[in-house]
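Engineer: Residue numbers (full-length UniProt numbering), protein chains in the order written: chain A, 1 to 469; chain B, 1 to 469; chain C, 1 to 469.
Since the hints were made in silico from the structure, they are not lab data. Mixed in with the good hints, there may be bad ones.
[What the hints assert, rightly or not] Which stretches of chain A does chain B cover? Using the computed rule of at least three CB atoms under 8 Å from a CB of chain B, they are: (1) 298-309; (2) 323-337; (3) 371-378.
Source: prediction; values computed, not measured. Ideal Cβ placement from N, Cα and C applies to all residues, glycine included.
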Amino acid sequence: MSRADLLFPSEPTQRAIARELYAHARDQPIISPHGHVDPAILADDAPFPDPARLIICPDHYVTRMLLSQGIEPASLGVPTRDGQPYEQDGRTIWRRFAEHWHLFRGTPSRLWLEETFTNVFGVTTALSPATADEVYDAIAAKLAEPEFRPRALFERFNIEVLATTESPLDDLGRHAKLAADGWGGPGGRVITTFRPDNVVDMEFEGWADNVAKLGEIAGEDTGTYRGYIAALRKRREAFIAAGATSSDHGHPTADTLVLDEVEAAELYELGLRGEADQDDAEYFRNHMLVEFARMSIEDGLVMQLHPGADRNHNKWLYARHGRDVGGDIPQATEYVRGLAPLLDLYGNDPRLRLVLYTLDEDTFTRELAPLAGGYAAVYLGAPWWFLDSPEVLRRFREAVTESAGFYNTSGFVDDTRAFCSIPVRHDVARRIDAGFLARLVAEERLPLDEAAETIVDLAYRLPKRIFRL
Amino acid sequence: MSRADLLFPSEPTQRAIARELYAHARDQPIISPHGHVDPAILADDAPFPDPARLIICPDHYVTRMLLSQGIEPASLGVPTRDGQPYEQDGRTIWRRFAEHWHLFRGTPSRLWLEETFTNVFGVTTALSPATADEVYDAIAAKLAEPEFRPRALFERFNIEVLATTESPLDDLGRHAKLAADGWGGPGGRVITTFRPDNVVDMEFEGWADNVAKLGEIAGEDTGTYRGYIAALRKRREAFIAAGATSSDHGHPTADTLVLDEVEAAELYELGLRGEADQDDAEYFRNHMLVEFARMSIEDGLVMQLHPGADRNHNKWLYARHGRDVGGDIPQATEYVRGLAPLLDLYGNDPRLRLVLYTLDEDTFTRELAPLAGGYAAVYLGAPWWFLDSPEVLRRFREAVTESAGFYNTSGFVDDTRAFCSIPVRHDVARRIDAGFLARLVAEERLPLDEAAETIVDLAYRLPKRIFRL
Amino acid sequence: MSRADLLFPSEPTQRAIARELYAHARDQPIISPHGHVDPAILADDAPFPDPARLIICPDHYVTRMLLSQGIEPASLGVPTRDGQPYEQDGRTIWRRFAEHWHLFRGTPSRLWLEETFTNVFGVTTALSPATADEVYDAIAAKLAEPEFRPRALFERFNIEVLATTESPLDDLGRHAKLAADGWGGPGGRVITTFRPDNVVDMEFEGWADNVAKLGEIAGEDTGTYRGYIAALRKRREAFIAAGATSSDHGHPTADTLVLDEVEAAELYELGLRGEADQDDAEYFRNHMLVEFARMSIEDGLVMQLHPGADRNHNKWLYARHGRDVGGDIPQATEYVRGLAPLLDLYGNDPRLRLVLYTLDEDTFTRELAPLAGGYAAVYLGAPWWFLDSPEVLRRFREAVTESAGFYNTSGFVDDTRAFCSIPVRHDVARRIDAGFLARLVAEERLPLDEAAETIVDLAYRLPKRIFRL
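With the hints as constraints, model all of the structure from the sequences given.
Structural biologist: So this is what it looks like as structure tokens:
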């Protein structure tokens with residue numbers, strides 16, 4: 001059974017308005033300007049693997065919740081990098097997951113998974129330990145059908161643009177294939193995003209090697225800072241040619257720093273010699289944000305900043321399974337002083353679009369909304385990661401709208417690796433926005449017609465415009 | 001059309017109670033113990049200028065939102081101080097503003113402006129690019145009528161007391177005029193507030209000159225610290241004679257510091273010689289807060305502390321237009337350790353009334369409510385500036401009531417420069433309080449009769465008593 | 001009149017669901033794994049003293065609110081330690097309290113007291129200055145009856161387990177008496193909790209003496225670090241023999257530090273010589289948390305950490321009345337980096353159960369939910385002290401559920417000294433959880449049957465399991 005009123009306020013006046021507003025947004029095409037879907041999925045258009053490998057193993061929201069109750073990721077099929085064995089049987093993984101389904105009550109994972117089962121795969125049996133096999137088999141059967149190939153789903157999902165994320169070291173071969181098939185390239189349906197962290201962050205495993213590879217791929221001598229900058233510029237050009245309209249920067253902090261070329265070169269050389277300490281690495285990252293802002297003004301890439309994750313906080317998990325498997329923890333993040341050097345230079349320049357994300361909800365009202373509502377270059381990104389959830393999406397609007405309005409927010413970003421969860425994630429955001437706007441209407445704060453225009457702006461027009469799509 | 005249920009919860013039980021509670025508060029006289037209306041407006045009682053000059057140009061809430069979308073303040077008639085031209089034509093400014101009216105959806109500015117148009121000027125046409133001229137002309141016509149002179153509006157607004165804010169360097173001439181006309185002086189309708197930042201903060205532009213002027217106006221030798229303190233005392237006396245019942249202190253932090261006279265004099269002399277660094281300036285401000293608390297105990301001025309703004313964060317804006325035009329950004333603020341030195345000395349002395357404001361909502365529950373609920377001298381000021389908005393006013397009650405109750409909060413403060421917006425600002429606070437109390441009643445947490453008494457206390461009796469009016 | 005719908009959402013759909021869910025939880029036995037009831041009350045089972053001495057004098061929530069309005073604790077019967085007189089007459093204290101009853105509007109104290117009057121003592125007259133004597137006399141009359149002796153109330157309250165809190169210096173004599181009466185000991189109805197702050201925190205008044213006493217009571221030489229550790233282990237064994245299943249640690253911060261035995265011994269000896277400074281004391285506390293985690297893995301005591309109170313902030317109050325009388329203030333608390341050293345060692349070990357509490361609500365979403373949702377050893381304790389209130393209990397669920405689910409939270413903890421308030425405190429938590437779950441059901445986010453199972457888990461099964469009761 002479908003849940004027509006999912007996430008709408010239950011108060012009848014607000015619910016009726018929310019339904020009406022949602023009806024305007026529901027069928028808008030999906031604009032997904034930031035995410036982590038593997039472009040190979042769409043380039044190759046091969047059938048998806050079994051349900052566990054599609055849905056459980058790669059989803060760190062799921063495996064971390066199970067880890068928090070003592071179920072080790074290896075037992076859920078998460079690949080190890082230390083040679084320890086990990087579960088290979090999809091059905092075993094699925095049963096283990098279903099046994100602990102109650103842990104997800106009240107979480108967005110529960111919502112995403114249920115709606116994916118129902119709306120993508122047409123499986124309406126409620127998951128439980130008793131129905132684990134039934135649900136597994138039903139999804140597996142669908143995955144064998146041609147209508148469940150990635151490109152077919154892409155069309156069914158009504159996605160207009162999907163941006164993936166690649167490092168400058170990526171040869172963009174998948175995107176070339178997509179372009180050749182009429183799916184990619186500038187203005188295409190699947191585009192890339194320039195994510196240079198692994199060549200910017202000296203603390204990134206293998207940074208020096210990465211920088212050397214960057215030189216090779218760009219045909220520049222990255223043995224010097226000048227060559228390094230030239231290589232980055234060339235890669236940005238290549239990314240733009242592959243359709244990119246934005247860059248993405250995942251930093252520990254939002255601090256920025258203006259260095260002259262001599263100072264920057266000194267830090268860079270320190271890094272190359274393996275002599276940069278933590279502070280040096282931080283200063284170099286801070287400086288590079290300013291450098292990238294300058295490049296953005298020149299080449300037009302929208303600049304996204306994702307600060308505030310304490311990466312690989314769970315060291316055991318990192319040692320066994322590596323990065324991006326659920327071992328990161330948010331921390332308090334400061335934007336006002338941190339961004340000041342960058343904003344002093346470019347904050348009032350409308351050619352720059354700096355989209356700020358956060359894992360620290362406390363900054364919504366205090367820092368981010370005032371910055372977005374006070375600088376021409378600053379936009380507020382959608383609640384991200386731990387904050388991409390119904391309650392926080394609603395608190396986000398409640399917190400930022402009064403200082404930043406709706407039009408300094410850049411629209412929903414799913415940020416997902418899980419291709420099949422894209423529709424429900426956007427749907428959740430649209431439903432929450434409908435509920436928030438419905439309250440404004442019900443409290444006589446906004447006329448219905450303006451609310452209706454606003455929800456379409458939020459769902460479709462704003463992200464399209466702000467991300468230059 | 002009037003919006004009778006504006007901002008009330010839409011759930012019918014709560015709405016009915018909110019209406020009933022609001023009816024008790026609606027017609028209470030306005031007590032405005034803190035704000036920035038120019039006293040000349042009421043001293044001279046001259047007609048207001050055109051609608052743009054009245055409503056747009058001086059309202060940094062409006063011009064900063066437009067700046068955030070790339071519309072420069074100069075194009076909205078904000079005076080420049082760097083010689084650049086700025087728009088002079090009221091109608092052009094108004095049209096430019098109306099074109100971007102949608103940016104204000106969901107903001108308090110929208111609410112304040114709409115209610116001002118309707119309730120003050122009787123203009124019920126919805127503003128839009130198409131109706132810009134019509135609304136402009138209608139307001140302009142009203143402004144020409146004698147009923148729209150400042151004093152007539154003051155009476156129509158049912159203001160009982162309005163406090164303006166002056167520096168110790170002000171000669172209080174406007175207030176003398178008001179007193180002569182029977183409008184000012186102790187117990188009068190328009191009173192002043194003692195705001196000494198420009199002679200306390202060594203980082204304030206022209207501090208040394210200001211201190212010299214302070215000496216002249218007070219007839220004391222401010223070349224010495226002792227003379228400086230004597231001058232401040234004299235000016236407080238003059239302010240009290242002009243009706244002041246409170247002082248106001250806008251500091252970067254809430255830190256306080258107890259210095260003996262020798263130490264304080266050393267810092268002061270360092271400042272006079274232009275040798276004080278950032279730390280010295282901060283220590284001197286911190287010390288002066290303690291000094292002012294001591295003076296408050298002696299002379300009875302209620303002490304207001306407004307910390308937490310990073311002033312002139314937008315440096316381009318500051319360079320072009322100066323202070324107080326929308327370039328400040330809030331930052332995290334610490335009160336518990338910062339205020340400890342002051343509270344150790346005077347926190348349990350009921351003769352002191354220290355009203356604390358914040359731009360950092362995170363401190364509501366964690367710091368401010370416990371301090372106000374644990375020290376006889378401490379009161380919680382209303383949500384301020386970026387936080388003076390329906391959502392935050394409601395979150396304020398939800399956050400602070402459980403630790404501080406209602407009776408350690410000091411009542412609503414409009415803090416506005418915009419004289420015509422005073423009624424709607426107080427009305428919003430009364431409506432939000434009605435909604436909050438209605439929920440307590442609907443959830444069987446407070447009987448209706450006590451809620452009714454409470455809302456009148458919040459709207460009228462508490463601010464009158466706490467600010468010694 | 002009873003308030004059947006107390007604290008339930010007023011929206012009819014949600015209210016109906018909340019009623020139904022609450023019906024499942026209402027009569028579950030009370031599990032109270034953390035609190036400060038004096039075990040002598042139950043060991044001696046003597047009648048309670050007069051209403052003021054039972055309800056007002058020892059309740060720092062009440063006396064601090066009155067202090068915040070200038071009513072001194074001594075006038076409310078709070079014992080002084082500086083020789084100043086304090087009010088001895090129960091009726092005078094009660095009248096003084098009743099005169100200021102309006103101060104408690106909207107606070108949990110009001111709710112707890114009203115429900116205690118009604119449900120425990122059957123007094124339905126609303127308290128007011130006019131009815132002060134009537135209410136006093138009615139409660140006093142009840143206190144004289146045998147049904148109002150502590151053990152009779154314990155049974156009437158349907159308490160299954162009550163944990164008190166003792167220091168390692170306590171001889172556990174009361175608990176021996178309870179065990180002898182069939183009320184205590186392992187698996188008993190009244191058990192103890194191991195709270196070693198006064199022998200761990202070098203800044204605790206009399207630490208060196210306490211450590212010496214610890215040696216005596218344990219029969220170990222605490223003149224050496226090794227002996228000190230041995231003494232702590234022995235006392236933990238004694239506490240476990242008296243029924244303890246958990247330890248409790250009240251620290252200023254959540255910082256932890258791994259020292260080797262030589263380093264730890266050096267700090268310890270510095271402390272014994274009276275040469276430890278603030279930093280040394282902090283490092284030693286930080287190290288001991290890691291040490292206690294190690295012991296917990298060995299002996300199975302659940303480890304509770306309560307950081308974030310700035311103790312004795314109100315110095316006048318401390319000088320006059322000592323500790324724990326309302327002079328503490330919360331402060332910002334950091335967990336992510338602070339706990340990292342401990343979690344690196346033991347965070348993924350399911351034998352450890354580390355229950356984290358906070359006074360800093362900002363950490364709910366940002367730090368605590370991600371930690372509890374990402375480490376097998378970490379659980380989220382209930383909102384505590386200033387945060388133990390209806391609004392925060394609701395915000396807690398709204399903030400933490402999406403990252404941590406329900407099953408990484410450890411259940412409600414009353415933390416109270418006020419024996420008679422135990423039922424209402426648990427009832428408030430159950431009602432708020434019912435309301436929260438009702439909203440999830442009404443918004444089609446959780447089926448009713450799962451919500452019904454969840455509320456019983458939260459009320460009863462989870463705390464019982466997690467605290468190993």
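Engineer: Please go over all the hints and tell whether each is borne out by the structure.
Structural biologist: Right, here's what the structure says about each hint:
no.	hint	verdict
1	298-309	violated (count 0)
2	323-337	holds (count 3)
3	371-378	holds (count 7)
The structure shown violates just one earlier hint, number 1.
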